[in-house]
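Novice: Below, each chain spelled out in residue letters.
There are 2 protein chains.
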Amino acid sequence: MTTYVYDFADGNKDLKDLLGGKGANLAEMTNLGLPVPPGFTITTQACQAYLQAGTEPDELAAEIGDHLARLEQKMGRRLGDPDDPLLVSVRSGAKFSMPGMMETVLNIGLNHESIRGLATQSDNERFAADSYRRLLSMFGSTVLHVDSELFSEAIDEAKKAKGTTADLDLDVDDLRALAQRYEKIIEEHTGRPFPQDPREQLDLAVRAVFDSWNTERAVLYRRSERIPEDLGTAVNVQAMVFGNRGMSSGSGVGFTRDPASGHQGVYGDYLANAQGEDVVAGIRNTVSLDDMAEMDPTSHDELMQIMATLENHYRDMCDIEFTVEQGKLWMLQTRVGKRTPEAAFRIAVHMADEGLITMDEALQRVTGQQLAQLMFPRFDDAARRDLLATGMNASPGAAVGKVVFDWATAVDWAEKGEDVILVRKETSPEDLHGMMVSKGILTSRGGKTSHAAVVARGMGRTCVCGAEALDVDARHGRFTVRGGPVIHEGDLISIDGTTGEIFAGAVPVADSHVVRYFEGQDVDEPLVDAVRRLMEHADTKRRLHVRTNADTPDDAARARRFGAEGIGLCRTEHMFLGDRRLLVEHLIVAESEEEQEAALAELLPLQRQDFTQILEAMDGLPVTIRLIDPPLHEFLPDYTELSVKMAVADVRGHRKRHERKLLDAVRRLHEQNPMLGLRGVRLGIVIPGLFVMQSRAVLEAAAARIKAGGDPRPEIMIPLVASVRELELVRTKILAVAREIQEAEGVELPVHIGTMIELPRAALTAEQIAPSAEFFSFGTNDLTQMTWGFSRDDVEAAFFSQYLESGVFPVSPFESIDQEGVGALVRRAAEAGRQARPDLHLGVCGEHGGDPESIHFFDDVGLDYVSCSPFRVPVARLEAGRSAIG
Amino acid sequence: MTTYVYDFADGNKDLKDLLGGKGANLAEMTNLGLPVPPGFTITTQACQAYLQAGTEPDELAAEIGDHLARLEQKMGRRLGDPDDPLLVSVRSGAKFSMPGMMETVLNIGLNHESIRGLATQSDNERFAADSYRRLLSMFGSTVLHVDSELFSEAIDEAKKAKGTTADLDLDVDDLRALAQRYEKIIEEHTGRPFPQDPREQLDLAVRAVFDSWNTERAVLYRRSERIPEDLGTAVNVQAMVFGNRGMSSGSGVGFTRDPASGHQGVYGDYLANAQGEDVVAGIRNTVSLDDMAEMDPTSHDELMQIMATLENHYRDMCDIEFTVEQGKLWMLQTRVGKRTPEAAFRIAVHMADEGLITMDEALQRVTGQQLAQLMFPRFDDAARRDLLATGMNASPGAAVGKVVFDWATAVDWAEKGEDVILVRKETSPEDLHGMMVSKGILTSRGGKTSHAAVVARGMGRTCVCGAEALDVDARHGRFTVRGGPVIHEGDLISIDGTTGEIFAGAVPVADSHVVRYFEGQDVDEPLVDAVRRLMEHADTKRRLHVRTNADTPDDAARARRFGAEGIGLCRTEHMFLGDRRLLVEHLIVAESEEEQEAALAELLPLQRQDFTQILEAMDGLPVTIRLIDPPLHEFLPDYTELSVKMAVADVRGHRKRHERKLLDAVRRLHEQNPMLGLRGVRLGIVIPGLFVMQSRAVLEAAAARIKAGGDPRPEIMIPLVASVRELELVRTKILAVAREIQEAEGVELPVHIGTMIELPRAALTAEQIAPSAEFFSFGTNDLTQMTWGFSRDDVEAAFFSQYLESGVFPVSPFESIDQEGVGALVRRAAEAGRQARPDLHLGVCGEHGGDPESIHFFDDVGLDYVSCSPFRVPVARLEAGRSAIG
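Quick note, the sequences are listed as chains A and B, same order.
The opening residue of the first sequence carries number 1 in the numbering used here; numbering runs sequentially from there.
The opening residue of the second sequence carries number 1 in the numbering used here; numbering runs sequentially from there.
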């Protein structure tokens with residue numbers, strides 16, 4: 001038979017699935033012998049059963065009764081006893097913390113009878129009256145769903161009548177009258193009086209906690225935090241202790257280390273004569289734990305010992321909640337504390353130094369996501385800031401620019417070289433172009449899965465969303481900060497996507513210390529020291545190599561400084577832009593093979609130069625060069641734009657002969673679905689001279705480097721292969737070119753030819769392809785597009801936010817690899833490829849190569865390396881290390 | 001040890017892989033005791049070994065020597081014997097017949113010595129001299145690669161000198177002089193004299209046959225016939241017999257039944273005093289086999305007996321080659337004879353009636369391809385025809401139209417309602433639009449894998465290509481038939497894509513008899529009777545059901561007459577065209593949900609009407625209705641065209657308010673890759689009202705049909721699902737609509753909801769999807785696009801011809817399913833889906849559902865049905881039957 005209720009003494013911290021985080025940790029503290037008010041936990045299974053059946057499981061009432069009886073016995077008090085009543089709190093506690101999302105009811109057990117007992121026992125009539133009033137308002141709003149505003153209004157009226165603004169000025173009569181008013185409100189709005197039966201109070205409160213799992217805000221929160229829907233919450237029923245029983249009482253919260261900086265030493269707040277809620281609400285000024293030592297040295301000493309015990313026991317920084325009731329310290333909660341990225345790195349290293357944890361564990365305590373946050377440029381800490389408002393930190397970074405209110409102005413101004421920040425109530429697909437050209441995006445509505453947030457993260461644009469204090473009035477070109485200034489179109493603002501802060505004016509931006517360290521600068525900072533030591537540890541542990549995606553010698557050099565062990569993807573199409581675009585145009589509009597050859601011949605020395613420099617920057621390390629991939633028309637003007645231009649020229653009688661020829665070419669090459677068109681290896685087969693020229697440039701560059709005493713290690717990669725035959729056709733040509741150059745130059749060339757695996761068919765026939773490929777590089781961007789059948793450009797804006805909200809995927813499959821679908825193809829291809837060719841080298845060069853979760857997956861699949869953008873290289877190194885010990 | 005040479009007596013007809021078709025059948029006839037000149041076969045393995053190593057295997061020479069010695073012993077003659085020489089023929093013979101592609105050398109063994117013995121033995125000096133001359137020219141051109149024109153010129157000169165045009169007028173001295181001239185030509189062009197050593201002659205001839213496997217024309221032929229490259233050819237060495245030794249000698253060819261009509265009774269040609277080559281060359285008029293009976297009754301009787309024996313033995317219609325040498329009949333070749341589609345059906349049924357084969361075997365003797373050919377409209381047999389030329393039959397059908405020479409004119413004229421035939425030297429992607437609007441395509445260059453041929457087949461357009469007798473002069477708008485008339489732009493022509501014939505003027509087109517039979521007309525024709533009986537047999541045997549793709553009641557009714565057992569794909573997008581386009585436009589440009597709902601409300605009754613009629617036409621049979629799939633902008637004007645129009649309007653100062661609003665919508669919905677865009681279930685989630693309206697229309701139509709006493713069996717199909725969650729979101733809404741209608745109408749509705757499997761991810765997660773789908777329908781068109789990563793529209797024209805030529809695929813994967821790649825996904829999804837849900841119903845609705853090879857694959861995978869266009873339904877029924885017994 002399932003057990004639905006556990007006494008605190010029967011649990012432990014590893015039972016979070018069953019008891020929730022709060023319950024498991026209360027049990028742990030109880031068993032550590034710490035002073036925890038006794039109580040019991042109703043399990044998440046009970047909640048799941050309730051949610052599924054719509055009613056509590058049959059056994060639950062009896063089990064609660066048993067545990068309640070034991071609790072009454074332990075405390076020597078009975079719930080509802082008119083002489084000396086037991087009061088309990090009822091708190092939710094899910095497996096994952098959902099702050100502010102779930103329900104709490106205090107003082108359960110008070111009624112018209114037991115209030116007298118409480119008054120007698122506490123010798124404090126006012127305290128008893130106030131406790132009952134608090135029960136009524138909490139129970140009324142939380143359990144009975146009466147609008148809490150009604151209770152606030154009532155108390156405000158009472159204070160107004162009294163001519164005061166402080167609760168404390170209300171005396172016992174005022175509070176009794178107020179309780180009667182509350183009871184009336186409850187009866188009016190629920191059709192029945194406030195339940196006087198304490199057990200009924202308890203049962204209703206438990207059910208209210210169960211129900212709170214499915215409130216809209218809880219559902220939305222879980223979606224945004226990727227918490228599964230079916231976990232349910234546990235419910236903790238615990239004997240009440242009171243921090244508001246005079247100056248020898250009080251409540252506090254604390255951390256065993258500073259959660260912001262990671263500094264060693266406890267950190268926290270204390271408020272005398274207050275309940276826990278009051279500390280957080282900030283209605284009075286709290287004091288530090290140091291100051292508490294002077295007020296109540298005994299409790300403080302005990303607290304310090306307990307915090308040390310907890311940190312040693314949990315082997316991590318803990319946060320705690322406690323109450324002192326008339327000089328007696330009670331622990332109400334503990335858990336491993338949340339911390340900033342900086343604190344995470346510093347605490348991890350400190351604890352390793354203290355011998356509390358191993359370096360492996362220290363490495364597990366930090367994440368690539370945290371490291372990435374430490375690498376974003378940040379607003380200079382020292383600079384003056386004028387905070388306007390705070391919204392949601394939707395996409396990190398620090399952006400400064402002029403405010404614009406529509407996409408067209410954004411495009412206009414950006415074209416003129418202005419930095420702009422696009423400000424909208426919310427964005428829609430129409431704003432896309434404007435978002436692309438902006439430094440940052442700011443909205444007054446929508447959460448972290450809103451269109452603005454999703455698209456901005458996809459683009460790597462800084463974004464603050466849902467800044468509700470802003471009233472955006474695009475029509476008049478301005479926004480108003482609630483109770484603050486008006487900002488007009490063209491005014492400068494600064495937004496911090498990491499904190500969600502919005503500042504007036506231009507806040508100076510500084511490079512992150514961590515980046516300066518990676519760049520090889522001498523940075524003397526405790527944080528940098530922690531990062532360095534954890535990176536070194538990750539490097540010694542990891543199996544997975546980390547390369548970079550780099551198309552220029554500068555990028556290559558920077559990535560190398562960041563720890564890249566080669567280039568996993570050097571795109572060559574970027575080398576056809578700029579002043580070379582004209583040559584490419586010649587190639588495309590060529591009317592004979594001779595013209596085509598001539599254009600290619602002009603491109604050859606330029607390409608050779610490109611490759612020579614990149615091979616030099618990566619001397620001694622592998623450089624995977626992908627032959628040209630995109631459709632040729634990408635190098636020509638846009639079809640629609642040019643058509644419009646020529647039509648207008650026609651009307652005006654202009655000639656424009658060259659452009660007419662160009663339009664012919666553009667029309668000829670126009671494709672309905674260029675992503676599914678003449679690109680990659682198809683292009684290499686249809687215009688064989690193109691791949692041959694590029695391969696020649698690579699190999700001649702290698703020959704030149706060898707002659708200059710270098711150690712070039714180029715790898716030629718064929719994109720978009722679907723069938724081994726395509727690869728073979730191209731490979732044969734490249735090998736012929738290699739032989740020719742070897743003979744002409746008299747050097748032994750390193751010739752390595754491999755292929756992208758980016759089409760489902762390539763993955764499905766990997767065993768046929770492997771014998772013709774020295775390496776596979778998974779192009780997970782295209783593979784994701786083809787496997788899901790949607791293109792990143794076209795759909796992210798159109799329906800991704802809706803798909804995220806309705807749970808089709810928890811995160812964009814372009815961000816973190818879809819392990820079930822796309823990942824299944826990667827795994828299949830890796831296994832089949834290796835079986836067919838044991839020395840096959842395997843890597844990934846899609847953007848997933850820099851995503852933490854994906855890196856763990858690729859490590860698990862057994863790839864040899866991941867490749868990512870230079871800035872992601874340290875992240876990938878760290879995660880590869882974490883994966884190796886995980 | 002490998003045996004490279006087999007005596008005819010050691011082989012049999014089942015060893016075609018090893019002995020080639022000719023060798024295996026010669027062996028079979030030898031073992032049947034038929035009069036076959038003795039000889040031996042050098043195996044395909046010897047050829048493969050030679051081609052791989054570039055030299056004959058070591059053992060080959062000795063083995064040939066052994067078999068030659070045995071042959072000499074059997075014949076009582078020695079090769080090169082000056083007194084009584086053995087002469088042999090050397091003929092290629094691959095596994096698959098490659099007519100005219102491979103080499104033959106006769107009279108091997110003749111030299112300056114043995115010619116005397118031949119003269120003595122044959123008592124015919126002239127015969128001996130002529131035989132040597134023939135050897136020289138055949139050996140010279142075939143083995144030594146001397147231009148055969150040189151020999152032709154020499155004999156023409158000799159005849160001219162003699163004042164004659166007939167070979168027979170050359171006497172023995174003339175022939176001797178000619179032989180000397182030939183010998184001189186050979187020495188001049190090869191640098192060495194004609195080899196007098198008979199064994200050297202033999203060895204060189206064998207090698208020449210091996211080499212002929214890789215001549216360009218052989219390679220091209222194999223590609224077009226999809227014969228594997230690595231088979232190699234066998235070589236048959238056989239004692240010569242001579243049909244040219246006077247009027248008691250002769251040669252002939254024959255079939256055991258008429259290969260054109262299938263009529264019972266032998267059919268063939270005989271030529272007295274001639275070698276086999278002369279019969280085929282048609283230099284003198286042949287006589288029928290009946291007439292041969294009068295000339296040589298003994299040989300004729302023996303021949304008739306042998307033909308009967310062969311047909312009984314092979315249990316099929318055979319073709320034969322024979323020679324009579326001075327009254328003695330010799331069989332030189334037999335094989336199962338090629339036949340027309342009509343003959344195939346008639347012969348199969350006749351043989352079953354005769355008890356020679358079973359009905360199962362009869363069914364195996366015909367193909368869906370043949371049935372399809374019998375269903376094409378054909379030029380009326382009775383009509384007058386004026387044949388201009390014959391090209392290659394690239395894409396079947398009969399097309400009549402006015403000649404145009406460029407795509408623009410084709411489009412212009414077609415828009416005016418003219419039937420046009422596009423005539424080009426060759427086509428390029430630029431011609432695509434023109435090809436689409438033409439009734440037929442005619443080119444003067446390029447083969448069956450040329451751009452024109454591939455694209456035309458893809459579109460189902462009639463096409464004749466490579467009509468080399470045409471001189472196309474597009475600039476002057478005309479083509480000239482070599483030695484014939486000039487055809488101008490606008491003149492009517494008729495082209496037959498089934499035969500490759502081109503006619504002047506409009507030849508009347510007639511419906512095929514077979515189609516008239518399927519349509520239910522009373523057709524009294526032997527062919528139709530044969531088709532009927534084989535179709536009935538197929539229907540009793542097949543496991544696979546056959547449905548149709550039909551969007552209209554008319555199509556549904558026709559397909560039902562053709563034997564369809566339901567609709568596998570009813571596309572609903574076609575129902576949004578025509579006068580409803582405006583409503584769709586309203587839906588798209590709607591600026592509020594109310595406007596959207598209003599547009600949908602107008603569409604609802606129209607859709608209901610559509611479905612009611614289709615359900616009526618398919619009463620009692622399943623009708624799978626796919627909810628709308630294509631991106632909405634397909635219902636709007638083209639982005640580029642509209643942009644141009646508005647830009648021109650701007651310049652001219654026109655207002656065009658409505659169109660401006662439209663352009664905004666078009667721009668907003670414009671996608672870079674619509675195939676990968678907002679379509680299918682994505683559309684259904686983003687605009688939920690759309691799918692709900694369609695489902696309502698389906699279910700209300702079903703309710704109406706039930707009330708009218710009908711038996712509607714709709715199945716609602718969700719397109720483009722990648723993840724089960726998408727399906728679930730839509731399914732929940734449809735089920736709610738169904739409940740609502742059931743309550744409102746008071747009927748029990750048949751509610752079946754399933755999904756397309758057309759994205760790789762759906763196939764890869766089929767086990768997750770199956771529990772939410774009652775059926776899977778494989779959309780193999782999209783699945784092929786996504787798996788290969790190319791879109792049909794964009795790439796077929798651009799590189800398919802090149803891919804076919806270079807062997808990347810043997811046939812377009814859009815035509816016949818790619819079993820290794822796309823097929824692997826289908827198989828995986830079928831198996832995983834069935835495992836997760838044993839009652840899952842499986843079908844396919846891509847165009848592959850009508851392709852014979854694909855049908856066998858789908859049967860093998862275990863699908864429940866295929867669905868194809870109405871005209872393909874009989875083909876699919878036939879192939880499903882063949883697959884079941886295969």
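Hints in this document: simulated from the structure, not taken from any laboratory.
Please note that a few of the clues may not be correct.
[Stated by the list, open to error] Below 25 Å or equal to it, Euclidean Cα-Cα: the simulated BS3-like pairs (lysine-lysine) are:
id, chain 1, residue 1, chain 2, residue 2
1, A, K645, B, K656
2, B, K661, A, K425
3, A, K661, B, K656
4, B, K661, A, K645
5, A, K645, A, K416
6, B, K661, A, K656
Novice: With reference to the structure, classify each hint as holding or not holding.
Specialist: Results for each hint:
Using a Cα cut-off of 25 Å, the hinted pair K645(A) and K656(B) holds, with the two alpha carbons roughly 19 Å apart. Restraint check for K661(B) and K425(A): the C-alpha separation of about 23 Å stays at or below 25 Å, so the hint holds. Annotation: proposed proximity of K661(A) to K656(B) is violated, straight-line Cα distance about 31 Å (limit 25 Å). With a CA separation close to 21 Å, the supplied pair K661(B) and K645(A) stays within the 25 Å bound.
Simply put, K645(A) and K416(A) have alpha-carbon atoms about 21 Å apart, close enough for the 25 Å limit, and the pair holds. Only pairs whose Cα atoms come within 25 Å are accepted, and K661(B) paired with K656(A) is rejected, the gap being roughly 31 Å.
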